[in-house]
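Colleague: Read off the chains here:
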Amino acid sequence: MAIRMLLAKIGIDGHDRGIRFVAYSLRDGGIEVIYTGPWQTIDSVVKTAIEEDVNLVGISTLGGDYVLIPKLLQRFKREKIDIPIILGGIIPTDVEESLKEKGVAAFFHPGASSESIVEAIKKIVEGRSGSRSQV
Amino acid sequence: MDQKLDLDKSLRKWEEGYDASLGKVPIRKKKFTTQSEITVEPLYTPRQISESDYYLEKLGFPGQYPYTRGVYPSMYRNRLWTKRLLVGYGAPEDLNERNKMLLSAGETGLNVTGSSVSMRGYDTDQMAEELDRGYVGMYGTPLDSVLDTDISLEDIPIDKVSVNYSDQAPFVSTATHFVLDKIVGSTNHADCFSHWISCAMYIVFPLDAHVRMTVDLVKWCSRNVRRWHPLSIIGQHYSQNGATPVQELAFTLASGIAHVDNCLKAGVDIDEFAPRISGFFDGQINVFELAAKLRAARRMWASIMKNRFKAKDQRSWQLRIHVQTSGVELTRQVPHLNIARVALQALGAVLGGCNSLHTDSWDEAITIPSEKSALLALMTQHVISEETGVADVIDPLGGSYYLESLTDKIEQEAWKIIEDIDARGGMMKAAKDGYVYRNISNSVRRSLIAVKNKEKVIVGVNEFCQPEDESSFESFKIDPELVDRQIERTKRLRKERDQAKAKAALDELRLIAEGSRDGNIFQGVIDAIKVDCTRGEITRALQDVYGKGKPYAGV
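For the record, the sequence lines run as chains A and B.
Residues 1 to 135 in the working numbering are what the first sequence spells out, letter by letter.
Residues 136 to 690 in the working numbering are what the second sequence spells out, letter by letter.
Calculated from the structure, these hints are not laboratory results.
Ideal Cβ placement from N, Cα and C applies to all residues, glycine included.
Don't take every hint at face value.
In silico lysine-lysine, DSS-like type, Cα no more than 30 Å apart, as pairs [claimed, not checked]:
1) 47/A to 445/B
2) 102/A to 400/B
3) 685/B to 47/A
4) 587/B to 123/A
5) 567/B to 123/A
6) 122/A to 683/B
7) 100/A to 612/B
8) 587/B to 100/A
9) 589/B to 123/A
10) 122/A to 544/B
11) 47/A to 567/B
12) 587/B to 400/B
13) 445/B to 551/B
On the chain A side, residues computed to face chain B include the following (Cβ under 8 Å) [stated by the list, open to error]:
14) 13
15) 17
16) 37
17) 39
18) 40
19) 63
20) 68
21) 73
22) 84
23) 86
24) 90
25) 96
26) 105
27) 106
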């Protein structure tokens, strides 16, 4: 079964070239992508992730939207949503370390090749027990 | 002997030699193209630009129609381009300090970007409460009120330097200047089309509301202030969002046409506002294509204003151009190499006759630029103006067979897109129905493929890769005390003002916006700021009337 993935930008940054680039790369790599565009909120990400029954959530950050990731992780935890979250874009090294500890499954930096992103996503999803969404 | 025959004969001889050489050593690439996918021939000769009236019709002299060679007769011989570094981070105090440092190091103009907090219409305290405090000062400087603008301009010689603002509807930063009576020569990146399409600014207002506010701003400035240039038409947004240089040029000029149409419809005379329109383009690394794009932009704008809109004042025909070197082309990998990229991008901009230039800092691909790296970026411009000699001759590449041919080609291709947009009913429709966005997305898609199969080489990313080195840059940190102070300042302003007057001003603004009271929205914004209303309040008052916009079709 094809991997289904939600790609979103949360917060207040409108730069969406990177995430469009990634959306195309993932579709080329055989992944079903649900891209919801910029200006998403934690609520909308939770709602779409559940409704669309995705295997994975990818968030793009350029202008500092990573500041909302701890809140997103907390929300997933609180609502017992067992879907891994990955992050791509411009993330300071110290922030990345702290978000890794908090539970972000993978990070992708500018210049990451399409192949490397697709491969990493497959690995994350296949490494799990096959259960999707809610526990 | 007939010169033409002689040229043909020599050309054929060269072609034979070229083919023979390729027979021995194979050609380096399957196809040679510019960033706009324009085919690049192996050699350019008088053949490509041979019409007899070519010079006067297509080039002319600097300061003369069609301004291909520059808008001023003397260009950089007596007045260099304005060296203008974009600054926006931290608190208004940070902005002030960085700008003073750059001015003392030879910067000649300021370039201020409001924070993404401000651009979404939030005040710092609202942002901290509603979303996250971490956003404050992260990306651009938040300017909530007159107090913040005042701090940002402290000890800046505003009578000597102009300021380039990225201030969008409802133009609060612009209005704070008039309230403070700190009126500088300024350019504002107020182009709502590029913001709406490429920066997804439908989140703040619908496009029609953006247009109404822009027209009111232009009208107000044309009639009330002299050196304020309220409308800069922006290609840089389209380009950074993924448009090719040709698309960037076409979308920008089509936006310009729509703005002019809108202002004319509102009853402003063409020569009353057109001299104050300027252009803002992206500085890509293909040096010749960048120079050609800027030259084509001036030529096309001059024609649009003279022939399409029948402007009489020659200043209406002149497009002064600001360039920002392309951030998307900078890489996280081998980050110091970005210094070289920026130098080449800036060189292209100067060879294209830009009037104002921002150069990116090398660490911009990774973080908010440090003071040291911003200084290096500024000094790169000094190297170009003082050491290379390219600023000593006006339009030094003019007459190059390749450059002139490329300028013509870019112009032809851009006209085709403009005609297409005209046929679709203009830029308003093309923006709303997703035409522009879709075309940009297609270019993003094509560039993805080109990078993947290495038709497009990015040094250090898909070729000539090096082990990653992240130890050499400092990550930007905001001073939390300055954030506290700003939040406090905005709260105090709101608390200590005359509440009745503030409420009356916001009510009045709503009435003007909904059309039940005659008036100019920008005047309403100024009046609200005079009684200490803040950016967030003004934006919300207008959102009460206009609501927010809707997104166009996605990927």
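Colleague: Hint by hint, say whether it matches the structure.
Modeller: Structure-based check of each hint:
{"no.": "1", "hint": "47/A to 445/B", "in the structure": "violated, 54 Å"}
{"no.": "2", "hint": "102/A to 400/B", "in the structure": "violated, 56 Å"}
{"no.": "3", "hint": "685/B to 47/A", "in the structure": "holds, 19 Å"}
{"no.": "4", "hint": "587/B to 123/A", "in the structure": "holds, 21 Å"}
{"no.": "5", "hint": "567/B to 123/A", "in the structure": "violated, 40 Å"}
{"no.": "6", "hint": "122/A to 683/B", "in the structure": "violated, 38 Å"}
{"no.": "7", "hint": "100/A to 612/B", "in the structure": "holds, 20 Å"}
{"no.": "8", "hint": "587/B to 100/A", "in the structure": "holds, 28 Å"}
{"no.": "9", "hint": "589/B to 123/A", "in the structure": "holds, 26 Å"}
{"no.": "10", "hint": "122/A to 544/B", "in the structure": "violated, 45 Å"}
{"no.": "11", "hint": "47/A to 567/B", "in the structure": "holds, 27 Å"}
{"no.": "12", "hint": "587/B to 400/B", "in the structure": "violated, 47 Å"}
{"no.": "13", "hint": "445/B to 551/B", "in the structure": "holds, 21 Å"}
{"no.": "14", "hint": "13", "in the structure": "holds, 6 Å"}
{"no.": "15", "hint": "17", "in the structure": "holds, 5 Å"}
{"no.": "16", "hint": "37", "in the structure": "holds, 5 Å"}
{"no.": "17", "hint": "39", "in the structure": "holds, 5 Å"}
{"no.": "18", "hint": "40", "in the structure": "violated, 11 Å"}
{"no.": "19", "hint": "63", "in the structure": "holds, 4 Å"}
{"no.": "20", "hint": "68", "in the structure": "holds, 6 Å"}
{"no.": "21", "hint": "73", "in the structure": "violated, 14 Å"}
{"no.": "22", "hint": "84", "in the structure": "violated, 22 Å"}
{"no.": "23", "hint": "86", "in the structure": "violated, 17 Å"}
{"no.": "24", "hint": "90", "in the structure": "holds, 7 Å"}
{"no.": "25", "hint": "96", "in the structure": "violated, 10 Å"}
{"no.": "26", "hint": "105", "in the structure": "violated, 20 Å"}
{"no.": "27", "hint": "106", "in the structure": "violated, 16 Å"}
In terms of the numbered hints stated before, the structure departs from hints 1, 2, 5, 6, 10, 12, 18, 21, 22, 23, 25, 26 and 27, listed from lowest to highest.
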